[in-house]
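Chemist: The chain contents come next:
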Amino acid sequence: MIISFMRKGWSLTQESFDLLLEWLSPDREKAGEIYEEIRNRLVKLFLIRGCPHPEILADETINRVTSKVPNLIREYQGNPAYYFFNIAGKVYLESISPRKNNEEQLDLISHKKVSVVSSEPAHTDIKLEYLKGCLQKLSAEDRELITQYFAIDKSEKFEHRRALSEKNNISLNTLRIKVMRLKRKLHECVLKKLKDK
Amino acid sequence: MNWESSKLKQYLLGNISEEERAELDLQLLTNREFVTAIEVAEDELVDDYLDESLTPDEMVGFKRLFLNSPHRVEEIEFSRQLKQQAKHAASESTVDQLKKNEEINFLDRLKNIFFLRSAYTVPTLAVFLLILLGVSYLVWQIRKSGNKNLADIEVAQINQKDLSDLNQYAALTRLTLLSGAARESSDLKTLSLKTASDPILIRLALAQGSTSETVRIKFDYNDQPFLSLENIKTYVTQTGREVRLLIPLARLGVGRYKIKITGNESNSTEADYIFVVVL
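Residue numbers (our numbering), protein chains in the order written: chain A, 434 to 630; chain B, 2 to 280.
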């Protein structure tokens, strides 16, 4: 169903990709960075919209924009991100029609308790071991920060985290951003170890 | 720009109007600060889910948009493991501390040291004296620097080095900025936290004809005062003069920085420089 609405009769070539990069920036290295950033944000956009295959939809958006670049490079003025946004909107709308059938099926089981589906116990144990290893790779200060941040939960966590931010002489928002970055770093570390295994 | 965390939460749960959602979707593609804010909001939402503190309405949105996505489910599982590990580590730390308290009677030890009954007396007193001298020096520095905070003092001290020979700093990430940097976002200089060195070297070209040997520098971060430096030396280059700054990477966060330079002479003009920090 995902593939059914995707563009037919056009395929991404090296030449068209090079032209896309040129449109994004005359500096090729910078163009590559902008491309990655736009793609990551498109994936995030489709993920937030609840699409189960955000990478596919992001790539479809990029393919459609790339097919238009020969005209855009002559005529379009302004931030390319706005054009990607418009195309992403269309790709999203086209993708949701088949999903409505799936959502109807979800409604039938919505009364059931939905819990996070864990992977097999052995796999979970491995991930936990990797997480412990990745935590040790952090500096002592960072490890202490993220450990303390998540040590208290539920109703007490807000005051606990506020106290933690004051202890570290930073605002609560800065603390949240620091913890978010550390968490991303840890997650990437665990995923890398799983991939290497 | 600030976004209310409650608004971002409802955006993530799909509980806002189509018009508001389109507006925030556009921010996601065009505004770096918004991306950071959303990532923080996602983490907070997952944390609330794991604490079972979402309202019934919020659970409906969470099940539809988070538990329906394999990618999100994997992230939630990771978050759950991290929380478990953090609690375990924190409780181990508390147990260790309690054990130490039972083993050592601190006051007795202190008495032994100060009444010269212990072999640790001399080294302990020596350490105590060193700490006292260190604190006194720090207090003197703070008083000397007026209202400056410790972080500013640290950066000021780092920049007392002579940066004439750039070859010594060849390995550092360099950010070279011109004043009145282009307003188009694609022309903005960016710095990546992931790949930058620590510290980074910022070079600010002064306006042609500038003769200031020292300047005052003010950094704004996301339009808020961030760092202030006085009497920063300028260096002569082939094209005029420039300022060179070493900035610890840990001082920087994702967002937009504006640097304002003022010469120390009464008739000197200001110059603005802008750069953006990304992940």
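Check before you lean on any hint, since a few could be wrong.
[As the list claims (entries may be wrong)] A short list of chain B residues far from chain A (calculated; beta carbon distances all over 10 Å): (1) LEU13; (2) LEU29; (3) ARG73; (4) PHE79; (5) THR125; (6) LYS162; (7) THR191; (8) SER198; (9) THR215; (10) LEU247.
[Claimed, not checked] With beta-carbon atoms standing in for the labels, derived distance ranges: (11) A:ARG507 - B:THR177: 30 to 36 Å; (12) A:GLU574 - B:THR238: 48 to 54 Å; (13) A:GLY522 - B:LEU194: 45 to 51 Å; (14) B:TRP4 - A:GLY522: 46 to 52 Å; (15) A:GLU621 - B:GLU19: 31 to 37 Å; (16) A:ILE559 - B:LEU167: 45 to 51 Å.
Treat the hints as calculated values from the structure; they're not laboratory data. Beta carbons are placed, not taken as given, at the ideal position from N, Cα and C, and that holds for glycine.
Chemist: Look at each hint and say if it fits the structure.
Modeler: Structure-based check of all given hints:
no.: 1; hint: LEU13; result: 6 Å, violated
no.: 2; hint: LEU29; result: 5 Å, violated
no.: 3; hint: ARG73; result: 7 Å, violated
no.: 4; hint: PHE79; result: 5 Å, violated
no.: 5; hint: THR125; result: 24 Å, holds
no.: 6; hint: LYS162; result: 25 Å, holds
no.: 7; hint: THR191; result: 8 Å, violated
no.: 8; hint: SER198; result: 17 Å, holds
no.: 9; hint: THR215; result: 29 Å, holds
no.: 10; hint: LEU247; result: 21 Å, holds
no.: 11; hint: A:ARG507 - B:THR177: 30 to 36 Å; result: 32 Å, holds
no.: 12; hint: A:GLU574 - B:THR238: 48 to 54 Å; result: 38 Å, violated
no.: 13; hint: A:GLY522 - B:LEU194: 45 to 51 Å; result: 31 Å, violated
no.: 14; hint: B:TRP4 - A:GLY522: 46 to 52 Å; result: 21 Å, violated
no.: 15; hint: A:GLU621 - B:GLU19: 31 to 37 Å; result: 34 Å, holds
no.: 16; hint: A:ILE559 - B:LEU167: 45 to 51 Å; result: 48 Å, holds
When each numbered hint is compared with the structure, violations occur for hints 1, 2, 3, 4, 7, 12, 13, 14.
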